[in-house]
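Novice: Spelled out, the chains give:
2 protein chains.
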Amino acid sequence: MLLALDWGTTSFRAYLFDSKRTLVETRSAAAGIMQDNDGFEQVYYRQVGDWLGQHRSIPVIASGMITSNQGWVETPYLPCPASLEDLSKNLTRHETSKGDVIFFVSGVCQNTPTPNIMRGEETQMAGLRGCSERTAVLPGTHSKWIRMEGDTICYFSTFMTGEIFAVLTRHTILGRLLTDGSDPKGFTKGVEDGFSGLDSAGGIMSKLFGARAMPLLGQMNPDSIRDYISGLLLGTEIQEAVKSGFGSNVVPVICGSPDLVDRYQTAMSICGIQTSRGEDELAALGLMRIAAAAGLV
Amino acid sequence: MLLALDWGTTSFRAYLFDSKRTLVETRSAAAGIMQDNDGFEQVYYRQVGDWLGQHRSIPVIASGMITSNQGWVETPYLPCPASLEDLSKNLTRHETSKGDVIFFVSGVCQNTPTPNIMRGEETQMAGLRGCSERTAVLPGTHSKWIRMEGDTICYFSTFMTGEIFAVLTRHTILGRLLTDGSDPKGFTKGVEDGFSGLDSAGGIMSKLFGARAMPLLGQMNPDSIRDYISGLLLGTEIQEAVKSGFGSNVVPVICGSPDLVDRYQTAMSICGIQTSRGEDELAALGLMRIAAAAGLV
Chain A
1 MLLALDWGTT SFRAYLFDSK RTLVETRSAA AGIMQDNDGF EQVYYRQVGD WLGQHRSIPV
61 IASGMITSNQ GWVETPYLPC PASLEDLSKN LTRHETSKGD VIFFVSGVCQ NTPTPNIMRG
121 EETQMAGLRG CSERTAVLPG THSKWIRMEG DTICYFSTFM TGEIFAVLTR HTILGRLLTD
181 GSDPKGFTKG VEDGFSGLDS AGGIMSKLFG ARAMPLLGQM NPDSIRDYIS GLLLGTEIQE
241 AVKSGFGSNV VPVICGSPDL VDRYQTAMSI CGIQTSRGED ELAALGLMRI AAAAGLV
Chain B
1001 MLLALDWGTT SFRAYLFDSK RTLVETRSAA AGIMQDNDGF EQVYYRQVGD WLGQHRSIPV
1061 IASGMITSNQ GWVETPYLPC PASLEDLSKN LTRHETSKGD VIFFVSGVCQ NTPTPNIMRG
1121 EETQMAGLRG CSERTAVLPG THSKWIRMEG DTICYFSTFM TGEIFAVLTR HTILGRLLTD
1181 GSDPKGFTKG VEDGFSGLDS AGGIMSKLFG ARAMPLLGQM NPDSIRDYIS GLLLGTEIQE
1241 AVKSGFGSNV VPVICGSPDL VDRYQTAMSI CGIQTSRGED ELAALGLMRI AAAAGLV
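Those sequence lines, one after another, are chains A and B.
For the first sequence, our numbering begins at 1 and goes up steadily by one.
For the second sequence, our numbering begins at 1001 and goes up steadily by one.
Check each hint, because a few of them may be wrong.
Claimed, not checked - The calculated EDC-like cross-link candidates involving lysine to aspartate or glutamate, where the alpha carbons are at most 16 Å apart (straight line), are:
1) A:Lys243 with A:Asp199
2) A:Lys98 with A:Asp50
3) B:Lys1243 with B:Asp1199
4) B:Lys1243 with A:Asp50
5) B:Lys1189 with B:Glu1149
6) A:Lys243 with B:Asp1199
Simulated from the structure, these hints should not be mistaken for lab results.
Model the full structure from these sequences, guided by the hints.
Specialist: This is the structure we're talking about:
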């Protein structure tokens, strides 16, 4: 059996596997490292204490932002290229005050001109079924584009798309004209304007102001602005990723929550890029595979 | 004589010219349209009521965000190309409840693929001494790059650089590691990384995350991050402006507060671009020239 934890910034997810390595139970709580400040050990026992009681000496493995310097047990970053075997050989063992043991997965880093780090996504990649070469896209607050060879993370890049969208619409002048409306055509135009990159009409830094000028000049309905900005940022992300070398010759696989995957697939399709969808519950699968490679199960 | 008002989002500036068209007095208050909500007429009389009393029937002219739909008297946008003569012929007359008259300057708009608007900068451009062709750069919350021919605004672009810097450092994960420190070398590296644009190391959307990863990997001192992010955004702005057609064959003139002009001149110099400085008090000079062209003085 295995108890696997995907413990991130905003959410806590627990997965219970039976002795046949089948996922039998899943729990989710808004108990991410920024949400619940009661102390991580207390959160841990509150969320899965009953499972630990029912299944004595069940091995436990955890990954995500819980391993960061703002988390419970800080683990190192393994340099790229980082394989499933590297991850399984570099677990950090932690014993709770009650004597229970948890193994924490390391993050992965990359010392390139634009350096990069991940915590949690390496585990999802361990869950992705390997093939000779693959580009995975993990949309989110900080979306990751990851180049895989088999089960090895070779190179990756991080785009602050989700967080930039949030602060632009909440805290800048662009938020002033926003409504709750949505408009697929506004999204499409945004993706196109973003994906066209830097041209005679400008780049992302000036095109963003277009989202202010267009409604004021009657060129855009206020209900379309939110989706336009979202599309503009997403189209820019896709353009930057593709131009900096991701996804050529392979069909990118988009991994994440169904809504976000839909949105990215739509955007990539507008850019003329064919994509596929990753399996569900990649973190759970990845935690099981790392635990298995480490001999915990 | 002339009473000229530069009334923006965050500040209110008043200029008193004598009968020889010489600027004799200046006032400044934190009474921008977002700061002082007592009612614009009340703010007006509080700030310059004494001057109006001393100089009966002095002509009054005003420009800036006070002419926007969030201001006192909304004026139209004149389409590009817009000359000094166009501005002087399109003043909006307003009579206060006390029977005093104020003339408000129009904004300027541009219906290009990335549409654009300005309110206030057209007045500064009226104050800039003309020459056959010129690129003016007005740094700020929303910095403007403006192509002038003589006293005509031909084309312009807006970069949300200042506001994006503010929200990134205040409201995103990039703010977490920030100190109050500053570092000219961090600024230089940022400008270089931004100005190099989209290359194999990524574009602005992924380079921003480098400001998170570098300090966590020990590649950057926390005291350097703020200036690095500032430089990255500024270098990106300059790259986008230059690549989309601004500043070729002419020496751009930077206009604004001395600190900001210094910073932009430093950044442009890092990018190998020679610049000059605009005169001080361009808004005051511009208001006087528009008033003179309109026959108010």
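Novice: Assess, step by step, whether the Cα of B:Lys1189 is no farther than 16 Å from the Cα of B:Glu1149, and give holds or violated.
Specialist: violated (34 Å)
Novice: Are A:Lys243 and A:Asp199 close enough, with their CA atoms no more than 16 Å apart?
Specialist: Distance of about 14 Å is within 16 Å: holds.
Novice: Does B:Asp1199 lie within 16 Å of A:Lys243 when you go C-alpha to C-alpha?
Specialist: holds (7 Å)
Novice: Are the Cα positions of B:Lys1243 and A:Asp50 separated by 16 Å at most?
Specialist: violated (61 Å)
Novice: With the threshold set at 16 Å, check whether the alpha-carbon distance from A:Lys98 to A:Asp50 stays at or below it.
Specialist: holds (14 Å)
Novice: Between B:Lys1243 and B:Asp1199, does the CA-CA distance stay at or below 16 Å?
Specialist: Within the cut-off at roughly 14 Å; holds.
The structure shown violates the earlier hints numbered 4, 5.
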